[in-house]
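Protein chains in written order, with the numbering used here: chain A, 1 to 217; chain B, 218 to 450.
In case anyone wonders, no lab produced these hints; they're calculated from the structure.
Just so it is clear, the structure is predicted and the values come from calculations on it, not from any experiment.
What follows is a list of derived Cβ distance ranges for each label pair: (1) A:Leu80 - B:Ile327: 25 to 33 Å; (2) B:Lys434 - A:Lys77: 52 to 60 Å; (3) A:Gln167 - B:Phe423: 42 to 50 Å; (4) A:His95 - B:Asp268: 30 to 38 Å; (5) A:His68 - B:Asp268: 18 to 26 Å; (6) A:Lys208 - B:Phe423: 16 to 24 Å; (7) B:Thr370 - A:Gly76: 46 to 54 Å; (8) B:Phe321 - A:Thr193: 54 to 62 Å; (9) B:Leu433 - A:Arg29: 53 to 61 Å; (10) A:Arg205 - B:Phe336: 54 to 62 Å; (11) B:Phe403 - A:Thr136: 39 to 47 Å; (12) B:Phe403 - A:Val150: 38 to 46 Å.
Heads up, simulated DSSO-like pairs for lysine-lysine below, C-alpha to C-alpha not over 27 Å straight-line: (13) A:Lys30 - A:Lys118; (14) B:Lys315 - A:Lys30; (15) A:Lys30 - A:Lys77; (16) A:Lys82 - A:Lys30; (17) A:Lys30 - B:Lys312; (18) B:Lys318 - B:Lys306; (19) B:Lys293 - A:Lys30; (20) A:Lys214 - B:Lys434; (21) A:Lys53 - A:Lys30; (22) B:Lys281 - B:Lys318; (23) B:Lys293 - B:Lys312; (24) B:Lys306 - A:Lys118; (25) B:Lys293 - B:Lys313; (26) A:Lys72 - A:Lys82; (27) B:Lys315 - B:Lys281; (28) B:Lys281 - B:Lys306; (29) B:Lys312 - B:Lys281; (30) A:Lys162 - A:Lys140; (31) A:Lys162 - A:Lys77; (32) A:Lys30 - B:Lys318; (33) A:Lys215 - B:Lys434; (34) B:Lys315 - B:Lys293; (35) B:Lys434 - A:Lys208; (36) A:Lys72 - A:Lys30; (37) B:Lys313 - A:Lys30; (38) A:Lys118 - A:Lys82; (39) B:Lys318 - B:Lys293.
The beta-carbon is built from N, C-alpha and C at its ideal position, and this holds for glycine as well.
Each chain is listed here by its residues.
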Amino acid sequence: MNRLIHYLCLLCFLSFSQALYFHIGETERKCFIEEIPDETMVIGNYKTQLFDKNVNDYLPSSPGVGMHVEVKDPDGKLLLSKVYSSEGRFTFTSHTPGEHVICLYSNSTKWSMFAGGKLRVHLDIQVGEHANDYQTIAEKDKLTELQLRVRQLLDQVEQITKEQNYQRYREERFRQTSESTNQRVLWWSIAQTLILTLTGFWQMRHLKGFFEAKKLV
Amino acid sequence: MVFYVVVCWVMLGHVAGQQVVRSEKYDSDVPTLSPKEDKTSALTFELQDADDLCFYEQFVTGGKYVFEYQVLKGGKLDVDVLITSPRGKHVYEGKKQKSDKTVFDTGNGIFSFCFSNRFSAFTHKIVYFSLRSQNIASLAARAGRLRRPTVMTSVEASMEQINQDLQETLEYQTAYRLRELSGRSFAEDMSLSVLSWSVICAVLIFITGVGQVIILKTFFTHTHTSQKQTSSM
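Same shape as in the complex, but just chain B (with noise of 0.2 Å):
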């Protein structure tokens, strides 16, 4: 509640066209009911050679969360990442990671997640990640209803049990397609290599075999000639 009240308040500075002042009431948040608490994000995208990428997060409310992130195709599949809390504190830092995971504690404030590629100068990177609250999310709070906490019925409880299982199901199901894609994608790139280097080979053995007999030739002819030009001396 008091969230929205200074958010409202906040918004009615802009309106006023006042400088809005940033009060330490951002800090006396209790824990809101933010309808936001469960929402998992997770994007890919794609990260140029040389070349970095930040996200940031406004957390309101603490709790652990889980981070994970995967390259999933180019070069040797590695990426830098550094998760920087509100105070400048290095929460998480992967140096040249393929993929990891990791359950971190928020506060209030915004947390920085970058990703780095500047160590690879040719190769572009294709990079997933996802942040969720490590709790599962339940029903009616995906629903949206913001209900006072009540004691659940059996049919309540189970159906609350089948969502947890599920939600599980749908991650394991994420991870599965991802090493999927890396992995069907190396065996595109393997594809390529082969086609590209029987090209290659071919094209070699036809220059080596018809270099072997010119050189051959040419060998034959100068030693004819100076073998004239010897016996006419």
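Bound-form chain A, shown alone (with noise of 0.2 Å):
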């Protein structure tokens, strides 16, 4: 018995761990973007509270509050897009570099009855390396500590190298859009000096065609 407590109270202590959180409303709609390179895993783990008046706290809501996640990728097509009970977590793998987009928003209206319309919730996003578990890498590939730290270290090296290749991508369209900003401007100074002159002729054979009409020359 002792030792099932024991175990209880690791699970909770590991499910516990405490991240960034903020609070939403009923139907409200929170949205985060990261910039990521492609090829990139981002793992997301949320938990939510409501609000308990008789302990002036907020507790841990029960299952039946769902939260919609939803990502979109830099194209705005839909990478990701479930409902997961109270405490979840997601994962996803970017396919195209660029701005990915995570929505959370809570689906039912029954908690807000009674939790004053607001829900804490607790966002923890990793990105790359970070999101790698290497207690478990180490066990399931038998490595050691030196082993591991080597894994540690290239996985890092594979992270920069992958945000350089992306740095490039962007660098790119940056210059791209410079470019295009640089060729409008051009277009634009010959357009305008065009339609002057074709204004300006046209003003004149048509005044002139007035006059001559009205005979006043």
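The two chains are supplied separately, each in an independent frame; assemble them into the complex guided by the hints.
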């Protein structure tokens, strides 16, 4: 029995890992942006708590409180859209580099009746190499302490390489934007000159015809 | 360990449906070996116009933490930031700042990090912030292995050194990425405004051109008729 409680506690402790939290309203949608290179894993852990008047504190909410998790890739395509329970973990891997938008919103309105319309959400998003769970990796691959360190360093270097590669891609886009602005300015000045000349020409021709018709010249 | 026991106790208290009295035991926490200690939190979020948003973080052990933020998009790229300690003291206050970095001492308790965009009635903003321990976590800590401090072999020591350098590189990359992002969004805005301005200009020139002619014509038609009228009189 004692041992059981021990394990139970260990479980609570593990799931109790604190993260930043914030409050959301009934149908409020909170979105977070993660700008990541391609082929990068993102892990999000969240936990919701409801305000309990009896205890005057936030308590873990019932599993009935559902949470919509929606992830959109840079092209606006849905990468993940699921309803999780009051506590959950979502994972996705990016396929295109860029801004991924992660949105969270609660599905039910039942809780808002007694919670004053506020739900507390603990959220932790880990990206890339930070998302790896090295304890599991070490156990699975039977790595020694030293091998694990090398593995960690390798992952970090890989992350930096990806980031650098993405940096290059972004720089290219930046330059394209700047070049397109430059082109637009150039073409606009040519077009402006043309429009001005044409308008002037038309004005003169039209007025000439008008004056002649009115016998003013 | 004490923290762990307290947590268990709190959890069991919930299970038993009893009213949990927040005891001072929380304060008597010895520095725990919480695997959380070295975690970095970084979020990019959207701040609506005339709105504010607060984030909270529960710290268990003390230590210096670095808080960094930057407004990436929207308006004049400014935001109000306020960090409040568990005792209600303002640890940091930034008024209409674009970006800043602050180091503060944490203690046991909940710190709040509030971003306010109340002064801006139209523009919503995209804000990035990160919160991390000032000390770069060692590889061992990041692997979640809590070892007793032992003398490191030279291989281990150099690995830790590489780790520190790589983590710094990642930080620089993040900083660079953020600056590039706001630079690019500025360039994109500029490109768009150049386009819209040129369209507006073209329309304006056209209207002015046609308008001038029409006004000039009415001038002459008026004088013509009035001359006719005076001569007939």
